[in-house]
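Top line first, the protein sequences correspond to chains A and B. Using my numbering, you'd call the opening residue of the first sequence number 69 and step up by one each time. Using my numbering, you'd call the opening residue of the second sequence number 637 and step up by one each time.
Honestly, the hints are just simulated from the structure, not real lab data. Worth double-checking, as some hints may not be accurate.
As the list claims (entries may be wrong) - What the simulated footprint calls covered on chain B by chain A, stretch by stretch (three residues with Cβ under 8 Å from a Cβ of chain A suffice, anywhere in the stretch; the number is not a length):
1. 662-672
2. 687-701
Stated by the list, open to error - Take a look, some chain B residues computed to stay more than 12 Å from chain A by CB distance:
3. Asp678
4. Ala681
5. Thr722
6. Asn754
7. Asn763
8. Ser767
9. Thr803
10. Gly822
11. Thr849
12. His882
13. Val918
14. Pro922
15. Ser950
16. Asp977
17. Thr988
18. His1001
As the list claims (entries may be wrong) - Selected chain A positions facing chain B (Cβ under 8 Å, derived; list incomplete):
19. Pro197
20. Asp319
21. Tyr393
C-beta atoms are modelled at their ideal positions from N, C-alpha and C, and glycine is treated no differently.
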Amino acid sequence: MKAKVSTVLSLMSLLLLLIAGNAFAGIASGSCVDCHTMHNSQSGASMQYDGSATPSAALLRAGTCGGCHADGVQVNATTANKLTNLVPQVNPETNTLAGGSFFWVESGTDIQGHSVADLGITDTSTTPPGFNGTRATEAGLASTWTGQLTCAGAMGCHGDHAASGGQFGAIRGAHHEVNLAVTGASVGTSYRFLNGIVGYEDPDYELSTSDTDHNVYKGVARTAGVTDTTTISYLCSECHGDFHTDAGIADGALSSPWIRHPTDIQMRSLTTEAKDYAYTVEAPAAVASPAAPTATTYDTDAVVTCVSCHRAHGSSNDYLLRWTYSTMVAGTTDAGVAGTGCFACHLTKDGI
Amino acid sequence: MNTVNRVSLFIMLLSLVFSVGIAAAAVTGDCVNCHTMHNSQDGVAISGTPEANLLNADCVGCHSSGTASSIINLGTSRVPIVFNTTVPTAPLAGGNFYWVTTGDEFGHNVLVSNPDDNLPAAPGGTNFGGSGTCYDCHGSLATEKSGCLGCHVPAHHYDDGVAGAATAGDGWYRFLGYAMNTLLVGTNGEVIASYPGVTGIEDPDWEETPSETAHNVYKGTTVRYGASSFNGYDNNSIGELCAGCHADFHHDSFTNTGLPHEVAGGIGGLDGNPWLRHPSDVELPPDGEYGAYDTYNPLAPVAFDDMAVGVQSSITAARALATPVVTCISCHRAHGSPNADMLRWDYASCTTGSANSACGCFVCHTGKD
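Whenever a hint applies, use it, and build me the whole structure from the sequences.
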């Protein structure tokens, strides 16, 4: 949903308290008026950013997630390792963040992003690929998929699936849980408000990145029959269960030959090419204990995970991939392709 | 007579960009043409059940065609076809499984759904005691454990970057690795033993258009194997691969081993004694009628005991570099042929005293036509 922001510049006064290892999604300080309106009335006019007369839940000045996070006006910019505008925008064409951008799916290319209803996106497909009713119910979702994906709540990724009060109820209080360790104990202390998920949150959401400036996702060297519900891959599996469960990725033993691309599998334990993986922002691995990244974070721990290959919100590539799959040509020696994308792990499949 | 219907379920026409280029090169081409990450596209499965190694299809699914073409070309990428559902126009060196659908005697039965109606076990072998024993690989190719993998050990991404004969770094000649290596692993994953596969020089178009100057170069050996050691097959010859199932047709075939599969006879020919069976992995003599076999004839190819020989059109000239060796596939097509007993020519066309260029026997037995 595009927002007609009349006072968006006031959001630029918000400050996020950047403390390494703590949740950054919360709003540590800033003027209450930038987000809230007590009566939705100021000088006889509505205080909603989109100009509508209808007040929003939680006394907010936007009635949807996109009202603040996809307002079409703010841009993701950074100074001194924090966002200048401080409200991460999830649908720009440029200056995209770690989760990617809904820009392309909003533009009509369904296979380039998650089709969240909040952004006015329609999608003829309904059930998520690989949906597994058993895994869904374990995660608090319905056993069958009905309706369309939303940002949060019972049909969304963020927040508590079981909370009442719709999407805002799902994330109630999270934005104000600040300066707390990311433990997954609540929505506000979960990685990027992904309830129960753990990880290290890059202060500027990976607007700027380097090998030591990035998110650190949680992944585990899983064993058969044991499910860690705090990994980022587990979050994806809540809707795409067949792409992650033991039986979904392996025919028998949890090892090669895989029948679907492995996730939450420790690459350092392998005897083949991927054991020599070197971290890249483009194809990030995960670790068991995420913390601020260093040059040695992945030396002994490098777990392949869903977001090693995909952008959660969307990307300019089909299937929300972090790179263009059609450029992945076995045996290639092209400078811009060899060693990138798939070849970050499949080290022997390119031509170098 | 086996019907086509029993095998038609396994046929998939795929648009693959899949290439094994110059001899011993790894595959090249878009990953997406062979692999699917999650076996899901637009909510629909690519393969009915997910395939191992994230493949779009199994061996038959990729290497079969409903056309008469033996090589599927897509741009510069190619995939060899070994199973056409119609008569192949130019079958490749290994032959074609098409003819197995016309009769068991025309090819190897590699489908569980289509075991040989007449042969309970590989000719020249034993049934090892039946299903549940070594039989499941060495007795029949029409078992769950065997099939294509009874002879081939897929290594599509292998490439040691060295031109010439295909070796371990290339996944061996035509992926004819030592299939048992995967079983010779201990409980802790340690390698108990590892044996070599078949070497050879791979013709770039799989002999779709063979000639005396464009052909595979097969590895043979003059070393007598199999006499006292079940695992003495380490000369990388293609004949040794065949001996894994057709032991009695090779050399000394397990005599004096005391093992259940001990059989008597082999090929004979030792110490001046006559041959008991057609020689294989035996030198093609340089004299007599065999010495007249000079120009390499793809109809009845010879192998060589040293791959340094390269692709030769003259066997006489090749003798300076290697010893020519008669081998199993001098006479047979490994997959299948239009001729009974998987022969490279119609045996019935061979009438002594009557010259016939279509009779492969006379290519070596030049004095018999």
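Evaluation of the provided hints:
no. : hint    : verdict
1   : 662-672 : holds (count 7)
2   : 687-701 : holds (count 4)
3   : Asp678  : 7 Å, violated
4   : Ala681  : 10 Å, violated
5   : Thr722  : 30 Å, holds
6   : Asn754  : 34 Å, holds
7   : Asn763  : 28 Å, holds
8   : Ser767  : 21 Å, holds
9   : Thr803  : 17 Å, holds
10  : Gly822  : 14 Å, holds
11  : Thr849  : 27 Å, holds
12  : His882  : 29 Å, holds
13  : Val918  : 39 Å, holds
14  : Pro922  : 42 Å, holds
15  : Ser950  : 35 Å, holds
16  : Asp977  : 35 Å, holds
17  : Thr988  : 51 Å, holds
18  : His1001 : 45 Å, holds
19  : Pro197  : 4 Å, holds
20  : Asp319  : 7 Å, holds
21  : Tyr393  : 6 Å, holds
The earlier numbered hints that this structure contradicts are 3 and 4.
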